[in-house]
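Line by line, the protein sequences give chains A and B.
FYI, the numbering used here numbers position 100 of the first sequence as 114, with every residue one higher than the one before it.
FYI, the numbering used here numbers position 36 of the second sequence as 38, with every residue one higher than the one before it.
Each hint should be verified, as a subset may be incorrect.
[As the list claims (entries may be wrong)] Sample of chain B residues lacking proximity to chain A, with all beta carbon distances greater than 12 Å (derived): (1) LYS23; (2) THR29; (3) SER57; (4) THR62; (5) ALA264; (6) GLU438.
[As the list claims (entries may be wrong)] Quick list of the computed label-pair ranges, beta carbon to beta carbon: (7) ALA533/B <-> GLU75/A: 23 to 31 Å; (8) TYR540/B <-> ASN56/A: 19 to 27 Å; (9) THR250/A <-> TYR529/B: 56 to 64 Å; (10) VAL421/B <-> ALA152/A: 40 to 48 Å.
Just so you know, these hints were derived from the structure itself, not from any lab.
Heads up, the beta-carbon is just placed ideally off N, CA and C, and yes, glycines get one too.
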Amino acid sequence: MDPSEYGIYAHKLSHWYGDRMILEDVDLQVTPGEFFGFLGRNGAGKSTAIRALCGFLPPREGEIWVAGVNVLKNPVELRRHIGVLSEDIALYERLSGREFLEFAGQMHGLSASEARHRAEDLMERLELSASAQRAIGAYSLGMKKKVAFAAALIHAPRVLFLDEPFNGVDAASTRLLCTLLQDLSTERGVTIFFTSHVIEMAERLCSRVAVLHEGRIRKQGTVAELKADAARQGTTLEEVFLQLTGANTALLSPLNWY
Amino acid sequence: MSFWKPIQILLHVRRQVARTKLAANPTAALWTLLVILLLFLTALSMGHKLGAHWSDLPRTDAEESLGGLWLKMQAFWLLALLFPGGIALLGQIPPRSTLLSFRLRPLQLFVAEHAALLLDAPSVLAFALTFPLLCFQVGGGQWLEAGITLLAFLLLGLQTGICARLLTALSALGARRARRLALIPGLTAFLLLGLCAGMPPAFASLTSPASQHLLPAHLALPAQFPAVDLAPLLPSRLAAHAVMATRQGDYWGMLGALGSMAGCLFLTGGAALLALRSEDRRWVASESGAVAPVKPRKPGPVARSLSGPYPEIAALIRTEWHLLLRGPQTFLPLRKPASLLLLGVFAFLTPDMGRNPIYNLEEFLAIGTLLYIALWQMQFLCNRFGNEAGTGALLFGFSIPRIRLLLGKNIALFGLLLVIDSPLLVGMAYVAEVPENIGLFLKWLPLILLTLTSLGNIVSVLHPFAILKQERHGGKEPPDMLAGAYILVGGATFVLLTPIAVLLPYGIPGWIGAGAVMSGLYIASLYSSNALLARREYNMIAATAHFDA
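Could you build all of it, start to finish, from the sequences and the hints given here?
Pasting the structure below:
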């Protein structure tokens, strides 16, 4: 398959700061419409990988194609085809939720009326209508996440990058977002690249996952394959994940001074 | 627990915060301290002028001078306390919600807040204005007069602190939208006030022969610029009256003035307590979830006036205006070490141009206000992607062609500065008594702004000026020291404005010629900054999103 035919394609992706290796020879092939989970512990390099895949950070080495666009050559063109929800949400806090979504839509080239229509629809679906006129600065973390999520969707991108999308979001809203994402993936053919350190969430949503540890991919495959591996070892998927990411089980002992 | 214990704890926390700030960025803290020292010395020299002439001044002039000095001191002290980006050194005043969680009694809360509010740099600077007078009074053996001066100063300080708290509480109680709407005229009024208060004496002293400064008659106010007739009931005037009455041995007059001040203080304090109680009730209600749910409103009409062939440019302009006009105090450059340094050096080097003991303060206010406006505008012009307070990288996540991004930002800022600067120029022309030049000023203003916009485009993509970053709880000071960049940009502006200076005397043909040159310059800057941005976009994203590239 040609790199431009993949939803996301990365080959020998590496990045480092000084002596510190952040990503090392990361290879990814995500087909269009796939719901791909990128798992790893805090500091594994997930956010750096997302920045590189979205064209926000030039990797030191490697080749990246997303939605048929060479990321390193056409980063501005790429923005038209992707939606990004980063872990550190940056929103204009002095705008209201509605104003921000309309702005995001228009900045992607939608007409004012189309941007407004889509903003209304998204706010209603994400249960933000009651707070649509309030400044984003007054929103809770979960509401900010939902606004950022809506802004990533408003231009109907072909690929969605979601970095820890459920952090700070309540259970009902998480369910809402999950349903929406599954529909986008299965019905609309949207490629979804999703990072998390919560194994259950990936198990529930993703068709395929990769486990990243210290900048290297330790395991890649379908959830069923990983589960089968775990079953062969007589353990759970969570334990496989903990093994792959080098979790120190000695730290699980109780505090004897408490 | 004793009455003072919680207050001590709060002050201790404040000291810890200051210590952490100092440890986090010692260079910036050191520069800020140096600037405060410069301003302190300037304030001392201004106070010294009044103190040195104090015994020679006739009663009316002395009272007017002291009253005027204290009025300005109170006004600027109040402003320093009110603006989040003011010159507070130790850090933000603890939020009301934090104080309420200590379960303090209302009076303890009141005292703690005032102590936290007043123990800071603005108080030190205010005291420096009065301190020399106290020294001269003590040196002259006028112990009672010195005591009354100190008492009057303390009462004024207390009233300033209470006024600041009252205004903050009232603004918290007021509607968000009303507060937002009040900020712009408030800020403009403050700038105009600075100009109007300082411009006549500054112009008078600049245009008067230097030899006049040596004559004893200088101590009197000049006839062509009469002193503002201050209302006798103003606390500053009452304070000055109390001091003068002591000097004249009129103790009943002194007691009357002090009593009136105490009355003022009591009224302000009562109003502040009432406002604070309402604020507390509101906070407690919001914590317990008793606040009425926000009723969804009908969406307003889409602003079609700005929709054009490029919806992204229209959206960008509209959003840029929203960001700049909602909470303009966020962008005050006064706390930045670089601008403070420039202002401090300027204040220290201001020559003695005054003919009245308090004139130097007014000159400083006039020229300082102009310098301040220039710094404020330079900051915006030289950081097109900083107006979003640390979220500039968001813009690079859109697929809008970068030249349109620059164009939209330019149009928005050019329009905004034109709207702000035009009335300022008109006001200045009237104050400086040259209304016949208003037409000339307004005709050339767009060309000057176009030149500054051109220069700002290049600086914005090469070495953007720092603007306050957004944080969950208030802004964070940018650590960069940019005094050198300010000076370089100032020099470049001077060079780029040469065609305007050369063509100014040629009337309309000169304006057309200068317009052609400046338009060419702007187009060149737009395309060059676009090309630079294409090469530096990753760096810009890393800088505005605050991660390592």
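How the hints compare with the structure:
With a least CB separation of 23 Å from chain A, LYS23/B remains clear of the 12 Å interface cut-off, as annotated. Remark: the non-interface label on THR29/B is consistent with the geometry, its nearest Cβ contact in chain A lying 23 Å away (cut-off 12 Å). Here SER57/B stays apart from chain A, with its beta-carbon at least about 54 Å from theirs, past the 12 Å limit. Even its closest Cβ contact with chain A, about 50 Å, leaves THR62/B beyond 12 Å, as expected for a residue assigned away from the interface.
A cut-off of 12 Å between C-beta atoms confirms that ALA264/B is not in contact with chain A; the least separation is 41 Å. The beta carbon of GLU438/B sits about 41 Å from the closest Cβ of chain A, which is more than 12 Å, so the claim that it is off the interface holds. Range check, ALA533/B to GLU75/A: about 26 Å between beta-carbon atoms, so the 23 to 31 Å window is met. In this structure, TYR540/B and ASN56/A meet the distance hint of 19 to 27 Å, their C-beta atoms being roughly 25 Å apart.
Take THR250/A and TYR529/B: their Cβ atoms lie about 60 Å apart, and the range 56 to 64 Å holds. For VAL421/B and ALA152/A, the Cβ-Cβ distance of about 28 Å falls outside the hinted range of 40 to 48 Å, so the restraint is violated.
Of the numbered hints stated above, the single one contradicted by the structure is hint 10.
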